[in-house]
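Q: These are the residues of each chain, in order.
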Amino acid sequence: PCRMSVGFIGAGQLAHALVRGFTAAGVIATHRITASSPDTDLPTVQGLRKLGVNFTTSNKETVSQSDILFLAVKPHIIPFVLDEIGPDIEDRHLIVSCAAGVTIGSIEKKLQQYRPNPKVMRCMTNTPVVVREGATVYATGTHAEVEDGRLLEQLMGSVGYCTEVEEDLIDAVTGLSGSGPAYAFTAVDALADGGVKMGLPRRLAIHLGAQAMLGAAKMLLDSDQHPGQLKDNVCSPGGATIHALHVMESGGFRSLLINAVEASCVRTKELQFLADQEKISPAAIKKTTLDQVMQQPGVTAGAVGVRSQGISMFSSNPRTKKK
Amino acid sequence: MYPYHSQITHGCCQVSEEGFHHSLSGDQFQGFPSSLSVVCSQRRHIIRMSVGFIGAGQLAHALVKGFTAAGVIATHRITASSPDSELPTVSGLRKMGVNLTISNKETVNKSDVLFLAVKPHIIPFVLDEIGPDIEDRHLIVSCAAGVTISSIEKKLLQYRPFPKVMRCMTNTPVVVREGATVYATGTYAQVEDSQLLEQLMSSVGFCTEVEEDLIDAVTGLSGSGPAYAFTALDALADGGVKMGLPRRLAVRLGAQALLGAAKMLLDSEQHPGQLKDNVCSPGGATIHALHVMESGGFRSLLINAVEASCIRTRELQYLADQERISPAAIKKTTLDQVLQQPGVTVSGGANGNSRSGLSLFNNRGGPSIKKKN
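Chains as they are written, first to last, in full-length UniProt numbering: chain A, 1 to 323; chain B, 1 to 373.
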């Protein structure tokens, strides 16, 4: 079990799924987990509380209570959050960004305004971490050490598959396994519709569809064979399955999935462009949220205006490097 | 002696999970909890019956691999037969320690539970061949798509009065113990027979009883389902490779994503649509991807697939309901091998009359003689 403290900036779907997975795996005790969000109405906040996580509305509190910090907020919020917590980052902190499209370079650049060698890693995971069958890849930043990689791999390996990759592959991974569960949920919904059309009760149809998908995926993971070979093995001559496959191919089934992976990857790169900007558009943040953050000691809004360049937050010591 | 189901003995387990207490005297035992199989299979083989497979192809191979991985039956209690010893699965079965034979009659003699794991159009042929050898103890489980229980019973009633028949539809992921199986029970099969089949098939995945008239739809959905998934995984990996991933990583990530999503769905009370919503953050990558899928009619293609497989299954049922097999559907060498067996002769279309088809006769009387016990 991990004896470090883990914090989540953001208390939404991703934080909730990771905490559920970690606790099911027993890899960290819930009292060592903190999560924060200015929005306490999120349905996941209640779930996190029930799991025994320390919940707070203060991101700064999460930072001070944690060694490993997962940034689990939407990509366009990242610069905002980094400005908020930047002054509080210390040597021990390992920042792990889970935000799609946000580069290590952009995070390091922001944090280097506050300290010289911020330890940053970037990961792309997915929601099945909640049942400990996630798919995670990560890339290591300039100042992170080998032990930091091992620590992250220990955590993420407890909730599914985890491997290190070159950072420039992460957008493609987002398109494939990051978004992948949504493709699967859509597929099972449709398969169940097919089953119901042919006479099955809905619950049975969903169960059989999901079980068939799970079994096939497991066969592929456990096998050295090509997916096409496994497909061939299921298609007896003149049988039902090859008839079904033909109608799928006729409709360009494969192409739709290639399109999906591509569309998700392309959008991820667009989000990266938005996140690379150092400022956030005032239109992207709720006034109430901004107010809540501004109420925290040490944070002021310098030069806030309705300029198209957006909001940047300054803490009371904008350019002081902390020792 | 344990006063419970005479076909299962397990004199071993010391466990008391799930409320089942095992006492030496057996007096406290009440009935047959299906949880027993989960508990005992962790300790030793609990099926002391012999299982036979008519047919030694993909399905037999997958089931044997699953059963042995589950430890639900010892391989020396399994026999499989096929006239074609060249099948790649045959050597796989041999390696697992299964008794392999080319004689279906030998499989029948050595088995209590008989899986019919041949192609649907071969079923009538096989039933004529083994009909005379079926005895009271035999439980016939047909796995053939589209073959009705009544067509099997009708054939077997030519040989004995109360043939115990069940029909199941399973799928190849039984090989990794994540199969999806449904079954229906025939006229003369008993409750214990259902329990036995459920015990076997549950050891390799999900298993539930259904009304027989749902089985064709199940074939279209979970019978063929793995092929839809393999195709999807191939395409997803292509997408990953197009966007820069190495092939192996792309295949791995795609399969892991599907596995994880399926597991979330099975473990959750929520609607698949709700789970999909949860993955789609506003303006994010995923909802962009979903849009292109919907634009191409993704869902419709899958509904079409389930429907097409189900309809073809019903067509196969029509073919199998015929009592004879077209001579064109069986290889001369295979026919010769079967005919070499003592007491078996063929009649009907062997003389080139393609309409009436082949039927096998045994010398203990033709298909019309009812055997006495």
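None of these hints come from the bench; they were simulated from the model.
Since we're looking at a predicted model, the values are computed, not measured.
Where a beta carbon is used, it is the ideal one built from N, C-alpha and C, also for glycine.
Among the hints, erroneous ones may be present.
[As the list claims (entries may be wrong)] Pairs of lysine to any residue residues, derived as SDA-like cross-links and limited to a Cα-Cα distance of at most 20 Å, are as follows:
| hint | chain 1 | residue 1 | chain 2 | residue 2 |
| --- | --- | --- | --- | --- |
| 1 | B | 65 | A | 232 |
| 2 | B | 65 | A | 229 |
| 3 | A | 269 | B | 95 |
| 4 | B | 65 | A | 242 |
| 5 | B | 242 | A | 223 |
| 6 | A | 197 | B | 277 |
| 7 | A | 50 | B | 85 |
| 8 | B | 119 | A | 242 |
| 9 | B | 332 | A | 225 |
| 10 | A | 197 | B | 119 |
| 11 | A | 74 | B | 97 |
| 12 | A | 110 | A | 92 |
| 13 | A | 197 | B | 213 |
| 14 | A | 74 | B | 85 |
| 15 | B | 242 | A | 168 |
| 16 | A | 60 | A | 88 |
| 17 | B | 332 | B | 303 |
| 18 | A | 269 | B | 85 |
| 19 | B | 95 | A | 223 |
| 20 | A | 50 | B | 283 |
[Claimed, not checked] What follows is a list of derived Cβ distance ranges for each label pair:
| hint | chain 1 | residue 1 | chain 2 | residue 2 | range |
| --- | --- | --- | --- | --- | --- |
| 21 | B | 283 | A | 163 | 36 to 44 Å |
| 22 | B | 209 | A | 252 | 34 to 42 Å |
| 23 | B | 248 | A | 41 | 23 to 31 Å |
| 24 | A | 168 | B | 328 | 55 to 63 Å |
| 25 | B | 273 | A | 246 | 39 to 47 Å |
| 26 | A | 229 | B | 211 | 19 to 27 Å |
| 27 | B | 97 | A | 163 | 50 to 58 Å |
Q: Please go over all the hints and tell whether each is borne out by the structure.
A: Evaluated hints:
A C-alpha spacing of about 19 Å is found between residue 65(B) and residue 232(A), which places the hinted pair at or below 20 Å, so the restraint holds. Of the supplied pair hints, the one linking residue 65(B) and residue 229(A) holds, its CA atoms being roughly 18 Å apart against a limit of 20 Å. Pair hint residue 269(A) plus residue 95(B) does not hold up; C-alpha atoms about 51 Å apart against a cutoff of 20 Å. Using a Cα cut-off of 20 Å, the hinted pair residue 65(B) and residue 242(A) is violated, with the two alpha carbons roughly 24 Å apart.
For the hint pairing residue 242(B) with residue 223(A), the CA-to-CA distance comes to about 23 Å; that exceeds 20 Å, so the pair is violated. For a cut-off of 20 Å, the pair hint linking residue 197(A) to residue 277(B) is broken: about 24 Å separates their Cα positions. For the suggested pair residue 50(A) and residue 85(B), the alpha carbons sit about 60 Å apart, so the restraint of at most 20 Å is broken. Between residue 119(B) and residue 242(A) the CA atoms are separated by roughly 14 Å; this keeps the pair inside 20 Å, and the hint holds.
Under the criterion of a C-alpha separation no larger than 20 Å, the hint pairing residue 332(B) with residue 225(A) is inconsistent with the structure, at around 33 Å. Restraint check: the Cα-Cα separation between residue 197(A) and residue 119(B) comes to about 26 Å, which exceeds 20 Å; the hinted pair is violated. Under the criterion of a C-alpha separation no larger than 20 Å, the hint pairing residue 74(A) with residue 97(B) is inconsistent with the structure, at around 55 Å. A distance of roughly 18 Å separates the Cα atoms of residue 110(A) and residue 92(A); the hinted pair therefore holds under the 20 Å criterion.
Taking the CA atoms of residue 197(A) and residue 213(B), the gap is near 14 Å; set against the 20 Å cutoff, the hint holds. A hinted pair counts as satisfied when its Cα atoms are at most 20 Å apart, and residue 74(A) with residue 85(B) does not qualify at roughly 59 Å. A C-alpha spacing of about 14 Å is found between residue 242(B) and residue 168(A), which places the hinted pair at or below 20 Å, so the restraint holds. For the suggested pair residue 60(A) and residue 88(A), the alpha carbons sit about 7 Å apart, so the restraint of at most 20 Å is met.
A distance of roughly 40 Å separates the Cα atoms of residue 332(B) and residue 303(B); the hinted pair therefore is violated under the 20 Å criterion. In summary, the hint linking residue 269(A) to residue 85(B) is not supported, as the alpha carbons are separated by about 55 Å, beyond the 20 Å threshold. Note on residue 95(B) and residue 223(A): the hinted pairing holds, with a Cα-Cα distance of about 18 Å set against a maximum of 20 Å. A C-alpha spacing of about 29 Å is found between residue 50(A) and residue 283(B), which places the hinted pair above 20 Å, so the restraint is violated.
At roughly 28 Å, the beta-carbon separation of residue 283(B) and residue 163(A) lies outside the given 36 to 44 Å, and the hint is violated. Remark: the range hint 34 to 42 Å for residue 209(B) to residue 252(A) is upheld by a beta-carbon distance near 38 Å. Judged by the Cβ atoms, the range 23 to 31 Å given for residue 248(B) and residue 41(A) is violated: they are separated by roughly 43 Å. Between residue 168(A) and residue 328(B), the C-beta spacing of about 58 Å keeps the proposed range 55 to 63 Å intact.
With their beta carbons about 28 Å apart, residue 273(B) and residue 246(A) fall outside the hinted range of 39 to 47 Å. At about 35 Å, the beta-carbon gap between residue 229(A) and residue 211(B) misses the expected band of 19 to 27 Å. For the pair residue 97(B) and residue 163(A), the beta carbons lie near 36 Å from each other, so the given range of 50 to 58 Å is not met.
Hints 3, 4, 5, 6, 7, 9, 10, 11, 14, 17, 18, 20, 21, 23, 25, 26 and 27 from the list above are not met by this structure, while the remaining hints are.
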